[in-house]
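K.L.:
These are the residues of each chain, in order.
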Amino acid sequence: MSAEVTKVGIISCSGEAIPEGTISRLATRRVLELLRPDTTVTLCLPLFLAGNEAERNFARTHPTVTIDGCSKQCARWGTEKHSGPVNAALVVSDILGTESTGCHRSARDAWQVNKEAVWAVAERIAAKVDSVLAEAAPGGVAAAQASAGQCACSSPLPGGKITIKGKAVTITGLPLIFEQCAERGVPASEGDGAALLDVVKIYHSIAPEDEAEYRSALVQYQAFRSGIAPAK
Amino acid sequence: MRNELAENPALVIPCSGIGKVHGLISREAAYLVTDELAPKKTATLCLALLVKGDDEAVSAVQSHACITIDGCAKACAQKNVEMAGGRVAKAIQVAEAFKNFRGAKPGNASFLTEEGWPLPATSPATWPARRRFCMTGRRIDERGSHQGWHHLVQWRSHS
Numbered sequence: 001m002s003a004e005v006t007k008v009g010i011i012s013c014s015g016e017a018i019p020e021g022t023i024s025r026l027a028t029r030r031v032l033e034l035l036r037p038d039t040t041v042t043l044c045l046p047l048f049l050a051g052n053e054a055e056r057n058f059a060r061t062h063p064t065v066t067i068d069g070c071s072k073q074c075a076r077w078g079t080e081k082h083s084g085p086v087n088a089a090l091v092v093s094d095i096l097g098t099e100s101t102g103c104h105r106s107a108r109d110a111w112q113v114n115k116e117a118v119w120a121v122a123e124r125i126a127a128k129v130d131s132v133l134a135e136a137a138p139g140g141v142a143a144a145q146a147s148a149g150q151c152a153c154s155s156p157l158p159g160g161k162i163t164i165k166g167k168a169v170t171i172t173g174l175p176l177i178f179e180q181c182a183e184r185g186v187p188a189s190e191g192d193g194a195a196l197l198d199v200v201k202i203y204h205s206i207a208p209e210d211e212a213e214y215r216s217a218l219v220q221y222q223a224f225r226s227g228i229a230p231a232k
Numbered sequence: 001m002r003n004e005l006a007e008n009p010a011l012v013i014p015c016s017g018i019g020k021v022h023g024l025i026s027r028e029a030a031y032l033v034t035d036e037l038a039p040k041k042t043a044t045l046c047l048a049l050l051v052k053g054d055d056e057a058v059s060a061v062q063s064h065a066c067i068t069i070d071g072c073a074k075a076c077a078q079k080n081v082e083m084a085g086g087r088v089a090k091a092i093q094v095a096e097a098f099k100n101f102r103g104a105k106p107g108n109a110s111f112l113t114e115e116g117w118p119l120p121a122t123s124p125a126t127w128p129a130r131r132r133f134c135m136t137g138r139r140i141d142e143r144g145s146h147q148g149w150h151h152l153v154q155w156r157s158h159s
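One line per chain: the protein sequences are A and B, in this order.
Note that this note's numbering gives residue 36 to position 36 of the first sequence, counting from 1, and the numbers run on in steps of one.
Note that this note's numbering gives residue 29 to position 29 of the second sequence, counting from 1, and the numbers run on in steps of one.
I should point out that these hints are in silico values taken from the structure, not numbers from a laboratory.
Each hint should be verified, as a subset may be incorrect.
Claimed, not checked - Keeping only pairs whose Cα atoms sit at most 20 Å apart, straight-line, the calculated SDA-like set for lysine to any residue is: (1) B/K20 / A/D38; (2) B/K74 / B/A84; (3) B/K20 / A/R30; (4) B/K40 / A/H104; (5) B/K52 / A/H82; (6) A/K161 / A/H104.
Let's have the full structure, built from the sequences with the hints guiding it.
P.N.:
Okay, here's the thing in structure tokens:
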């Protein structure tokens, strides 16, 4: 393994035919986008299996974690066949057990049970990425994590502080909420602050009489979208 | 899945693309057909299982008409079905669906926006899988709602 390794390749099952396949892909995306954006990349499994040399080379020179939907473990099988042993292999059906009952293949039917399943699997992947990185480059992991979301491995979600009625209020996961809103194109302008407030209200209880003040306080989001770190 | 493969005459096989919205659209188009529009006539299977060489998957693509839906020009779904000896009745590129939605922001690899949800439904508009099915119905409303868009397409079996 190269000493210059900084990214872990996550190879997800394609699993189009089963709900666990959808969960594995969405969990992989969650890790890439929110939990470990600075230390992970992904590869399309069929492209990898079908002989794309560039992607196969990546898997040969970087640590890889496979995430499969079922016990057939196509992702693990393909990676090991073409690139050698994987550093870690996860199986969604093993992680979730009966909790995957009621999950759906289509995002149209993505109910709460799907969302909870995706979070559970994503956190397991993130934990596995951390341990793989720790083995690959001890001491480099902490620095890599500092700029990434840290809600896996039982670590507390990073909070963000805003001032409401003269008092500092901590909103759990505010930086992640900002990231998610920016990703979804939620507008930052004051006039559209209602859209941002609606998202924050999902995670944080806000009394109706305080909504206007919260909306004003959430201007940090505008700074975030402009590339300026929000005040802590 | 096994019963579906045995009983349904056509397989709809989407791409597994995980990096762009196109892969997600291809899968949602497949689910739209297999779950809602033609559930008794179509089924899907895992592309990776086919690539792996699973006997049942290989046998299925060789004995069924296959409709492949690919997110990008690399056409992994089409190529892998053909490599497995399957018969591709129609190969579809998701990019075709974008022609009616120029400038739309459909979402990303993780989710579809309100502008993105009609895209899977427009993919079948280009599907001459009409050997077995004929699509009737009007053109999708370009801003069809998430809840209502799938009612705008109707399929009629010709078999």
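K.L.:
Each hint needs a verdict: does it hold in this structure or not?
P.N.:
These are the hints, each one checked on the structure:
{"no.": "1", "hint": "B/K20 / A/D38", "in the structure": "holds (18 Å)"}
{"no.": "2", "hint": "B/K74 / B/A84", "in the structure": "holds (17 Å)"}
{"no.": "3", "hint": "B/K20 / A/R30", "in the structure": "holds (14 Å)"}
{"no.": "4", "hint": "B/K40 / A/H104", "in the structure": "holds (18 Å)"}
{"no.": "5", "hint": "B/K52 / A/H82", "in the structure": "holds (11 Å)"}
{"no.": "6", "hint": "A/K161 / A/H104", "in the structure": "violated (37 Å)"}
The structure fails hint 6 only (numbered hints given earlier).
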